[in-house]
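Put together the whole structure using the sequences plus the hints.
Chains A and B, in that order, give the protein sequences. What the first sequence shows, in my numbering, is residues 1 to 269, in sequence order. What the second sequence shows, in my numbering, is residues 1 to 419, in sequence order.
In case anyone wonders, no lab produced these hints; they're calculated from the structure. Worth double-checking, as some hints may not be accurate.
Unchecked claim - Label-pair ranges, simulated between beta-carbon atoms:
| hint | chain 1 | residue 1 | chain 2 | residue 2 | range |
| --- | --- | --- | --- | --- | --- |
| 1 | B | Pro61 | A | Val249 | 29 to 39 Å |
| 2 | A | Asn40 | B | Asp388 | 27 to 37 Å |
| 3 | A | Asp212 | B | Glu282 | 32 to 42 Å |
| 4 | B | Gly180 | A | Val249 | 13 to 23 Å |
| 5 | A | Pro47 | B | Gly330 | 55 to 65 Å |
| 6 | A | Pro103 | B | Asn218 | 29 to 39 Å |
Said to hold, decoys possible - So these bits of chain A aren't anywhere near chain B, every CB distance computed over 10 Å:
| hint | residue |
| --- | --- |
| 7 | Met1 |
| 8 | Ser86 |
| 9 | Ala134 |
Where a beta carbon is used, it is the ideal one built from N, C-alpha and C, also for glycine.
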Amino acid sequence: MSVKVYLSAVSLVGPGLDSWQQSQAVLLGAQSYVRKDLPNFSPVILPANERRRTTPLIKLALHVAEQCIGADLSIAQQYATVFASSDGDHGITDKMCKALALPNRPVSPTNFHNSVHNAPAGYWAIAAEAQYNANSLSACNETFAAGLIEAAIFTLIEQQPVLMVAYDMPAPPPLDKVRHLDAAFAVAMCLSGSREANSLVELEMDLNYELDTQYSVCEDKALDRLRLGNPAARALPLLQAIAKKTATVTGVVIPHVQSSALNIKIKHF
Amino acid sequence: MAIKPLTLSCYTVTNALGAGNAASLSALQQERSGLRKNDFTDCDLDTYIGRVAALEDIALPESLLEFDCRNNRLAYLALQQDNFTEAVLSARVKYGASRIAVFLGTSTSGIRETEIAYAKLDASGQLPENFNYTKTHNNFSLADFVQHYFELNGVAHVVSTACSSSAKVFASAYRYMQAGFCDAAIVGGVDSLCLSTLYGFNSLQLISEHKCTPWGKNRSGINIGEGAGFALLESPNNLNPETLNPDNLKLDNGTPENKDELQLLGYGESSDAYHMSTPHPEGRGAAQAMQAALDSADLNATDIDYINLHGTATPSNDSAEDKAVVAIFGTHTPASSTKGWTGHALGAAGITEVVFGCLAMKNNFIPINLNTIEQDATTKANIVLQKDSATINKFISNSFGFGGSNCSLIIGRKEVLLC
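So this is what it looks like as structure tokens:
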């Protein structure tokens with residue numbers, strides 16, 4: 001049981017990691033990771049009227065997605081999508097639950113329609129005019145592995161390219177105290193089931209149910225704190241292996257549900 | 001090319017009609033709605049709801065108490081109906097704990113716990129100490145709970161694409177099985193009443209103060225319901241037909257239902273790419289999902305005997321879905337929405353309506369479009385308003401959600417080769 005898929009583009013954003021290009025030195029270990037505040041994102045793919053209605057989490061997801069698609073956003077409509085987020089939109093949950101605790105329960109209609117877990121997927125489909133399958137899922141702290149497997153199996157079985165986006169953002173108080181995420185982080189990957197001219201690496205994945213599996217970590221302690229501080233940032237060891245353009249096949253082990261593991265072998269072209 | 005059919009080797013629903021398939025079947029046959037005047041705690045909206053009785057009194061087992069919330073109580077109640085638990089435990093012996101996938105849908109998970117916690121903020125604005133967000137409200141809670149209940153550790157996730165959630169899980173399950181990542185899958189979904197959806201849909205002016213009337217002349221919106229449903233999917237090659245589908249259901253006339261094997265024959269998924277909370281007015285994405293389902297089943301529209309509509313009873317959904325249905329199936333295929341029985345169970349609507357279709361197919365009737373007296377004259381689909389017996393060999397079930405997320409599933413009897 002294993003699947004092989006091909007990655008043609010990748011992007012990430014996190015505090016101090018503005019883009020894939022800008023993050024190379026940190027990912028390769030040539031520079032120490034230094035945490036900086038994240039800017040506010042303003043995805044260009046969103047029409048201005050939609051941008052006003054969206055939240056910071058939706059903008060984070062759409063920003064990393066459009067970075068992954070690249071300069072020609074018109075190709076976005078060829079991709080099916082998998083949007084993977086452990087927690088969804090804590091900011092909206094906070095606003096909704098606060099409103100519901102007030103007399104007359106003044107829930108805002110915009111907050112309500114933004115409250116669905118697939119809000120980023122929906123805004124992306126509208127902005128990209130993408131009419132194919134859009135999935136939206138959660139596997140709590142193991143959401144990155146679950147989203148990547150879903151995307152890989154989708155592209156393999158349906159023979160259609162897929163854009164996978166994983167993203168999560170810290171909660172405002174008082175939710176932050178019961179569910180603490182350390183920082184915002186998002187990652188996106190374009191995957192296909194067969195090798196194309198623009199394929200960068202082959203990813204071969206299988207699952208491992210051994211109990212004493214050691215998960216891959218980031219050697220840079222600050223970067224590893226980021227990895228553990230956000231479910232989407234569990235991708236960091238894989239992103240480091242992708243950045244390292246070695247001739248040999250490398251392997252990473254990412255946490256998967258119920259203490260199992262996703263093994264990924266990375267082969268560069 | 002057609003997909004390889006998967007057998008629904010066990011399935012169950014729990015909703016406002018009661019716990020288990022027999023309660024839903026008798027209500028469907030006797031045309032008895034489960035909707036009641038809104039009596040949900042802390043909610044003063046003038047509407048009808050589909051509430052599951054006595055959920056407040058359900059106690060989770062000691063070992064699973066950290067998952068305690070309305071949504072997981074409803075899941076727990078549903079898992080104990082129709083020998084579903086026994087079926088999964090025997091599948092676990094057959095395949096192993098890591099080879100049974102868990103793909104479930106929900107739209108709001110255990111958000112009711114967070115609503116209750118926010119109503120109890122202390123003087124310094126903190127949430128109560130005993131509130132466990134991760135095990136109740138986080139979207140994965142439902143699948144995590146079910147994995148713990150059955151002691152499974154295979155692939156799992158929760159799909160949350162609003163009202164298409166528990167339909168899309170069937171497509172995921174098919175793909176994972178094809179890719180060799182599981183041998184069987186528990187699919188389905190659970191959504192439970194909460195203030196977020198009641199007041200949220202109310203803020204969009206989509207809640208009806210009457211019992212909902214899908215496709216009705218004066219339809220005025222939805223009734224929110226809650227429900228849970230599960231199906232165990234397996235490859236037909238791994239099954240012994242003699243052991244399938246325990247005879248726990250009887251027809252009105254006392255004869256046992258037929259023992260045909262029911263299978264997932266096709267699925268179609270699409271995105272409207274139009275608006276977050278309003279369907280494409282021509283039903284573009286809905287039609288794409290239905291056509292993709294037919295294509296993946298290698299069937300023609302004329303092969304379908306019954307359409308279970310999404311049919312929420314909002315003016316815009318029914319009008320858009322009508323156009324899509326007519327574009328694909330024309331105006332003859334019998335169609336009905338079963339929201340008049342249960343209300344709109346949101347993330348559990350997909351599995352609820354797949355199981356309703358299975359019950360209808362096994363018992364040779366087409367559920368009427370309950371509560372609707374007169375069909376909206378601007379719609380053209382063949383809406384079933386009068387009870388009739390009918391043989392259904394294949395049906396399609398539609399589920400459409402916010403974010404323009406569409407999914408259609410085709411279920412049929414296993415083809416019997418005549419020698």
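Each hint tested on the structure:
1. Pro61(B) to Val249(A): 29 to 39 Å: This hint is violated: roughly 45 Å between Cβ atoms.
2. Asn40(A) to Asp388(B): 27 to 37 Å: violated (59 Å)
3. Asp212(A) to Glu282(B): 32 to 42 Å: violated (56 Å)
4. Gly180(B) to Val249(A): 13 to 23 Å: holds (21 Å)
5. Pro47(A) to Gly330(B): 55 to 65 Å: violated (37 Å)
6. Pro103(A) to Asn218(B): 29 to 39 Å: Check passed, 32 Å falls within 29 to 39 Å.
7. Met1: Non-interface label fails for Met1(A): nearest chain B Cβ at 4 Å, not farther than 10 Å.
8. Ser86: Violated: least Cβ distance 7 Å, not greater than 10 Å.
9. Ala134: violated (5 Å)
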